[in-house]
Amino acid sequence: MNISCQSIINPERPVQGIIDIRRAEFEGVFLRVSAHFPKSGSMQEGGSGCSDASCNKSREEWLRKKYSPETIVERYEETIEKCKESNIRISAVSTPGLAYKVDEEKKYVAFMRKCAVEGIRLCSQAGCNYMVVPPLRMENERAWESNREFYLTLAETAREYGVRILLKNQEKETGGRFVRGICAESFQAAEWIDRLNAEAGEEVFGFCLDIGICSLCGNDIHEFISELGQRIRMVVLKDCSWQRETALLPFTCVDSGTDWLGVIRGLRDVEFDGELVIDFSGTMRAFSPLLRPALYKLAKETVKYFSWQIGLEQGMKKYKKLVLFGAGNMCRNYMKNYGEKYPPLFTCDNNSKLWGTEFCGLEVKSPEALKNLPEDCGIFICNIYYREIEEQLRAMGVERNIEYFNDEYMQSFDFNRLDIMAREQ
Amino acid sequence: MLRLGVQTNNVIEDNCPQDGFAILKRAGFSCADFSLNGYLKNTDVYKSDINHFFSQSVQDLEAFFGSHKQGAAEEGILISQMHMPYPIYVPGGDKELNDYLREVVAPKSMALCSFFQCTYIVIHSYKLALYLGSERREWEQTEQFLDTILPMAKEMGITICIENLYDSVRGHLIEGPCCNAVKAAERIDRINDKYHAEVLGFCFDTGHANLIGIDFEDFITTLGHRLKVLHIHDNDGRQDLHQIPFTFTATRENKSSTDWDGFIRGLRNIQYNGVLNFETAPVLSAFPEGMKEAALGFIAQIGHYFAEQIDG
Numbered sequence: 000m001n002i003s004c005q006s007i008i009n010p011e012r013p014v015q016g017i018i019d020i021r022r023a024e025f026e027g028v029f030l031r032v033s034a035h036f037p038k039s040g041s042m043q044e045g046g047s048g049c050s051d052a053s054c055n056k057s058r059e060e061w062l063r064k065k066y067s068p069e070t071i072v073e074r075y076e077e078t079i080e081k082c083k084e085s086n087i088r089i090s091a092v093s094t095p096g097l098a099y100k101v102d103e104e105k106k107y108v109a110f111m112r113k114c115a116v117e118g119i120r121l122c123s124q125a126g127c128n129y130m131v132v133p134p135l136r137m138e139n140e141r142a143w144e145s146n147r148e149f150y151l152t153l154a155e156t157a158r159e160y161g162v163r164i165l166l167k168n169q170e171k172e173t174g175g176r177f178v179r180g181i182c183a184e185s186f187q188a189a190e191w192i193d194r195l196n197a198e199a200g201e202e203v204f205g206f207c208l209d210i211g212i213c214s215l216c217g218n219d220i221h222e223f224i225s226e227l228g229q230r231i232r233m234v235v236l237k238d239c240s241w242q243r244e245t246a247l248l249p250f251t252c253v254d255s256g257t258d259w260l261g262v263i264r265g266l267r268d269v270e271f272d273g274e275l276v277i278d279f280s281g282t283m284r285a286f287s288p289l290l291r292p293a294l295y296k297l298a299k300e301t302v303k304y305f306s307w308q309i310g311l312e313q314g315m316k317k318y319k320k321l322v323l324f325g326a327g328n329m330c331r332n333y334m335k336n337y338g339e340k341y342p343p344l345f346t347c348d349n350n351s352k353l354w355g356t357e358f359c360g361l362e363v364k365s366p367e368a369l370k371n372l373p374e375d376c377g378i379f380i381c382n383i384y385y386r387e388i389e390e391q392l393r394a395m396g397v398e399r400n401i402e403y404f405n406d407e408y409m410q411s412f413d414f415n416r417l418d419i420m421a422r423e424q
Numbered sequence: 000m001l002r003l004g005v006q007t008n009n010v011i012e013d014n015c016p017q018d019g020f021a022i023l024k025r026a027g028f029s030c031a032d033f034s035l036n037g038y039l040k041n042t043d044v045y046k047s048d049i050n051h052f053f054s055q056s057v058q059d060l061e062a063f064f065g066s067h068k069q070g071a072a073e074e075g076i077l078i079s080q081m082h083m084p085y086p087i088y089v090p091g092g093d094k095e096l097n098d099y100l101r102e103v104v105a106p107k108s109m110a111l112c113s114f115f116q117c118t119y120i121v122i123h124s125y126k127l128a129l130y131l132g133s134e135r136r137e138w139e140q141t142e143q144f145l146d147t148i149l150p151m152a153k154e155m156g157i158t159i160c161i162e163n164l165y166d167s168v169r170g171h172l173i174e175g176p177c178c179n180a181v182k183a184a185e186r187i188d189r190i191n192d193k194y195h196a197e198v199l200g201f202c203f204d205t206g207h208a209n210l211i212g213i214d215f216e217d218f219i220t221t222l223g224h225r226l227k228v229l230h231i232h233d234n235d236g237r238q239d240l241h242q243i244p245f246t247f248t249a250t251r252e253n254k255s256s257t258d259w260d261g262f263i264r265g266l267r268n269i270q271y272n273g274v275l276n277f278e279t280a281p282v283l284s285a286f287p288e289g290m291k292e293a294a295l296g297f298i299a300q301i302g303h304y305f306a307e308q309i310d311g
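Protein sequence lines, in the order shown, are assigned to chains A and B.
Counting with numbering that gives the first Met the number 0, you get residues 0 to 424 for the letters of the first sequence.
Counting with numbering that gives the first Met the number 0, you get residues 0 to 311 for the letters of the second sequence.
Where hints are given, some of them may not hold.
No farther apart than 30 Å at their CA atoms in a straight line, the calculated lysine-lysine pairs in the DSSO-like style are these [unchecked claim]: (1) LYS352/A to LYS340/A; (2) LYS38/A to LYS254/B; (3) LYS46/B to LYS105/A; (4) LYS83/A to LYS182/B; (5) LYS193/B to LYS105/A; (6) LYS171/A to LYS94/B; (7) LYS46/B to LYS171/A; (8) LYS254/B to LYS171/A; (9) LYS107/B to LYS335/A; (10) LYS126/B to LYS340/A; (11) LYS254/B to LYS335/A; (12) LYS106/A to LYS254/B.
Computed Cβ-Cβ distance ranges for the label pairs, DEER-style [unchecked claim]: (13) ASP268/A to GLN308/B: 38 to 46 Å; (14) GLY156/B to GLU270/A: 34 to 42 Å; (15) THR250/B to THR251/A: 39 to 47 Å; (16) GLU252/B to THR152/A: 34 to 42 Å; (17) TYR45/B to GLN391/A: 29 to 37 Å; (18) GLU252/B to GLU148/A: 45 to 53 Å; (19) GLU252/B to SER57/A: 54 to 62 Å; (20) GLU190/A to HIS224/B: 15 to 23 Å; (21) PHE250/A to ASP146/B: 40 to 48 Å; (22) THR42/B to THR251/A: 53 to 61 Å; (23) ARG267/B to GLU148/A: 21 to 29 Å.
Just so you know, the hints here were simulated from the structure itself, not pulled from any lab data.
Where is the CB? At the ideal position from N, CA and C, for every residue including glycine.
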């Protein structure tokens with residue numbers, strides 16, 4: 000699984016952003032390119048900083064010239080060069096997300112197509128395989144036909160540059176509230192990708208799952224991921240408030256939390272091994288620029304944590320044999336979820352009263368027993384005092400193959416234990 | 000013109016039910032959604048505080064509801080749908096409690112549905128995805144439960160309707176059971192084929208759908224003919240308030256924040272010919288007693304508007 004962050008790089012002055020990314024030890028960035036959608040006459044009024052129409056008009060002309068889709072490759076050239084110099088990978092590129100007026104539809108489609116084509120060229124230059132192109136925002140009845148034509152015209156370019164196009168789930172606004180838009184229902188997203196690939200004659204299309212949008216739309220995320228399966232090539236982790244699309248650092252939206260259990264269960268089920276992106280751009284904007292480097296480091300730890308949780312089983316697969324440390328609830332949850340697939344030799348515990356007894360079918364031994372383990376045996380700590388126990392083991396001279404097990408996000412929960420919890424509430 | 004219905008909670012009193020049905024009739028309704036769930040409240044079930052109303056024999060229950068049936072008939076109100084008490088399974092509840100819900104409350108609710116000559120009864124599916132680890136396993140449990148009452152449904156000519164529900168993750172509302180219209184349609188078809196009868200259908204709850212951003216038109220259109228009954232009500236997108244449609248806005252333009260146009264289009268797409276049933280009992284406790292009839296009349300007017308729009 001590759002880890003990256005939503006770009007915090009200003010393409011006009013990329014060096015500082017790259018330094019921050021490097022210091023936070025991110026290996027990659029996800030570039031969301033910007034472009035200016037030319038405004039119609041009436042929309043030129045009221046531009047910032049100018050009170051008269053002529054000033055707004057000249058600003059609009061400047062924006063059109065400087066930020067037209069044709070300038071994308073050129074504008075991001077320095078960013079890509081500097082990233083390469085710093086060994087920072089570009090994990091994917093995305094087109095800008097835009098709304099439009101109904102009477103501007105033709106202009107909008109042409110604009111989005113141009114952005115996507117230029118984005119694919121940029122991908123190729125950056126050496127990345129994925130171009131995220133969200134569906135065109137259309138009314139339900141025309142959504143498939145319009146998008147089908149749009150995506151299939153991009154397929155040839157994508158093939159030429161060796162880039163895969165990723166569709167993305169979308170919200171839509173109705174009466175000031177956000178509801179499920181195009182590809183926000185898993186079966187629709189799966190059907191679209193399959194039909195597009197079939198018509199393109201090869202696997203040119205995949206899916207980028209935006210967890211924030213799932214949360215905003217109240218999706219059952221576990222089900223969404225299970226339905227899409229291997230079509231998911233990229234996952235964007237972010238928290239999102241219930242009423243608008245924002246990109247908050249995961250675990251920070253305290254009053255309206257994302258279903259992270261569903262995210263982790265789902266990604267484990269489909270053995271996700273693609274691009275894992277953390278997007279905390281909204282949280283970042285709220286912080287002072289002086290504090291941002293510290294935030295980036297927290298973001299890196301957060302996405303690492305997700306990667307570890309998703310790949311929890313990979314840690315077990317590494318070892319031919321394994322033993323547990325701890326004879327409590329976490330050990331019970333290990334045995335319930337993984338006991339059959341990865342049976343431990345035994346468990347151990349610091350409580351001497353438990354030595355020689357049996358817990359969940361395992362013999363409980365003294366930690367001293369860990370001194371005589373074969374080389375290919377992993378020790379999985381099943382106790383929240385991970386660091387303290389790790390120190391204890393190292394002090395005993397047991398320094399190899401120490402791993403943490405965690406039951407915060409299990410595939411299923413011990414029914415009896417939850418029954419007890421429910422009664423206690 | 001589509002018929003209009005409303006739930007009986009907060010209108011029909013057990014000591015003189017006919018008065019309540021007369022109110023419904025005057026307000027403009029011709030149908031009622033009989034709230035059996037009012038006799039065993041969900042808040043009590045979750046606390047394992049069972050009142051044993053359903054411990055009475057079926058004969059005694061029929062005798063109890065005789066005046067309700069008669070009152071409805073005399074006022075020309077059709078009991079077009081019922082709501083079974085819920086939940087029908089409490090995770091963490093005693094075996095005794097869950098056995099009682101499944102083996103006593105559910106079959107007796109079916110018997111009462113038959114007694115009222117009502118064609119549809121709405122149930123809440125099991126909420127177990129958190130525990131069991133997937134929606135598929137959760138549905139397997141619901142289906143096991145359904146298999147205990149579907150033979151009765153076939154014999155009695157009743158269609159049991161599953162309803163889209165929501166769930167909560169630390170205060171954030173997400174999909175609960177039956178929120179995937181494609182899966183719901185497949186399951187309903189499969190089960191009806193198995194029983195060689197239309198024993199399972201769907202109840203679309205607008206309020207629950209609104210809480211989790213479901214596209215009304217898409218959902219209803221996907222369900223098609225399997226959609227049998229409705230729970231029409233409105234909310235602010237955050238809480239399950241069961242209020243009058245068109246009540247909530249979210250912008251300075253003050254347009255309704257719930258997609259009622261999508262609702263109308265969906266029902267029009269599938270040529271819905273069931274009852275436009277409102278699940279708006281909390282409205283009646285919010286308004287003063289003296290305004291209850293006016294509030295019901297207003298709800299019925301909204302129903303007329305929907306009916307006109309759907310009929311085109």
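Evaluation of the provided hints:
no.: 1; hint: LYS352/A to LYS340/A; result: holds, 29 Å
no.: 2; hint: LYS38/A to LYS254/B; result: holds, 26 Å
no.: 3; hint: LYS46/B to LYS105/A; result: violated, 59 Å
no.: 4; hint: LYS83/A to LYS182/B; result: violated, 47 Å
no.: 5; hint: LYS193/B to LYS105/A; result: violated, 50 Å
no.: 6; hint: LYS171/A to LYS94/B; result: violated, 44 Å
no.: 7; hint: LYS46/B to LYS171/A; result: violated, 39 Å
no.: 8; hint: LYS254/B to LYS171/A; result: holds, 16 Å
no.: 9; hint: LYS107/B to LYS335/A; result: violated, 37 Å
no.: 10; hint: LYS126/B to LYS340/A; result: holds, 28 Å
no.: 11; hint: LYS254/B to LYS335/A; result: violated, 51 Å
no.: 12; hint: LYS106/A to LYS254/B; result: holds, 28 Å
no.: 13; hint: ASP268/A to GLN308/B: 38 to 46 Å; result: holds, 43 Å
no.: 14; hint: GLY156/B to GLU270/A: 34 to 42 Å; result: violated, 48 Å
no.: 15; hint: THR250/B to THR251/A: 39 to 47 Å; result: violated, 26 Å
no.: 16; hint: GLU252/B to THR152/A: 34 to 42 Å; result: holds, 36 Å
no.: 17; hint: TYR45/B to GLN391/A: 29 to 37 Å; result: violated, 43 Å
no.: 18; hint: GLU252/B to GLU148/A: 45 to 53 Å; result: violated, 33 Å
no.: 19; hint: GLU252/B to SER57/A: 54 to 62 Å; result: violated, 32 Å
no.: 20; hint: GLU190/A to HIS224/B: 15 to 23 Å; result: holds, 21 Å
no.: 21; hint: PHE250/A to ASP146/B: 40 to 48 Å; result: holds, 41 Å
no.: 22; hint: THR42/B to THR251/A: 53 to 61 Å; result: violated, 33 Å
no.: 23; hint: ARG267/B to GLU148/A: 21 to 29 Å; result: holds, 28 Å
Hint compliance for this structure: hints 3, 4, 5, 6, 7, 9, 11, 14, 15, 17, 18, 19 and 22 are not met, and every other hint is.
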